[in-house]
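Whenever a hint applies, use it, and build me the whole structure from the sequences.
To convert, count from 1 in the sequence shown and add 377; that's the working numbering.
These are computed hints drawn from the structure, not numbers from a lab.
Among the hints, a few may not be true.
[Claimed, not checked] Keeping only pairs whose Cα atoms sit at most 30 Å apart, straight-line, the calculated DSS-like set for lysine-lysine is:
id : residue 1 : residue 2
1  : Lys468    : Lys679
2  : Lys534    : Lys544
3  : Lys446    : Lys629
4  : Lys468    : Lys691
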Amino acid sequence: MRKILILVFLCGILVGCSVTSFNPINSSTDFVASLNTIEPSIDFISNKHKIIQTWKLEAAYTGFTLVSKDYIFLYGYSLNEAVLIQLSTGKKVATYSIHEGSSFAYAVGDSIYVANGKENTLTLLDLKGKEVEKAEAGRYPMSMIADEKYLYVINFKDTFLSVFTLKDLQLVTTWDIPTSSHGLYMNGNELWIGGHGAGSQPNKVIRKYNLQSGQLQGEIEASMMPIGFAQASNGQIYVVSHGSNYVREFTKEGNLMSSIKVGANPFSINTFDDTVVVAGYDDHDVYFLQNGKIINKVSVGKGPFQLITREASK
378 MRKILILVFL
388 CGILVGCSVT
398 SFNPINSSTD
408 FVASLNTIEP
418 SIDFISNKHK
428 IIQTWKLEAA
438 YTGFTLVSKD
448 YIFLYGYSLN
458 EAVLIQLSTG
468 KKVATYSIHE
478 GSSFAYAVGD
488 SIYVANGKEN
498 TLTLLDLKGK
508 EVEKAEAGRY
518 PMSMIADEKY
528 LYVINFKDTF
538 LSVFTLKDLQ
548 LVTTWDIPTS
558 SHGLYMNGNE
568 LWIGGHGAGS
578 QPNKVIRKYN
588 LQSGQLQGEI
598 EASMMPIGFA
608 QASNGQIYVV
618 SHGSNYVREF
628 TKEGNLMSSI
638 KVGANPFSIN
648 TFDDTVVVAG
658 YDDHDVYFLQ
668 NGKIINKVSV
678 GKGPFQLITR
688 EASK
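Take a look at the structure:
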């Protein structure tokens with residue numbers, strides 16, 4: 378996590394927020410998008426594992442999220458503006474005046490939730506550039522995931538997870554979790570949580586919590602620093618551990634099925650078509666995995682930090 382924090386501060390060298398327009402992405406096009414942060418850009422990769430578009434960015438964006446399949450919300454930790462780009466036109470459709478410190482964004486339908494690690498807040502935004510609601514969170518809110526009613530937020534520098542209502546960000550409850558937790562996956566009645574570990578004690582387990590009670594139900598042995606989760610079309614759950622560069626495959630019950638070393642310093646994992654996709658931050662490659670093996674890799678811009686996918690027909 379220390380490297381993530383250094384990254385977002387170094388990105389402050391680029392302070393402009395100028396976005397005009399980009400080459401459009403057809404609404405029927407499936408893609409994996411890689412946000413590259415060392416030389417800011419977004420590479421769009423097709424299901425044939427070819428780059429179909431590259432958007433050069435003029436600001437230090439450190440994160441993005443897909444909104445309603447046709448929009449990308451871009452934000453940066455050092456920036457006081459975020460933008461919403463429509464994919465089908467390539468045009469900016471909204472600008473958001475937000476404070477520095479944006480640490481994560483998550484979208485549910487037309488609602489965009491933004492965590493701020495400097496102010497320790499959570500903000501709900503609409504597609505028109507307006508703030509709808511705002512709530513206090515713990516120290517350094519970051520990872521988020523939602524079900525039909527609630528938003529679950531990890532406070533990275535704190536010892537609890539916050540549960541908010543989706544509609545109006547009312548705090549419902551908190552759960553005790555270890556500090557430096559990161560990465561969430563909803564598995565039926567369980568919430569799986571990864572993490573970096575604190576100080577000289579790196580985390581090597583995935584913790585399973587009951588969604589109703591918030592009680593710890595068990596642990597799954599994992600490689601060092603499991604921080605990202607993705608479920609493949611075969612139902613298996615894949616976990617990337619950036620402390621060891623390993624991707625592990627688990628059943629829904631938490632049984633280990635396979636393990637493979639992928640990339641250099643991977644931060645992000647996702648699924649696309651019938652593959653698992655991993656971004657190697659230090660080697661600037663996006664890897665495609667199938668049946669526990671690397672079947673392809675695509676060289677992208679420097680520092681691929683986050684991946685989003687769109688499968689338009691789904």
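- Message: Flag every earlier hint the structure violates by its number, smallest first.
- Response: Structure breaks no hint.
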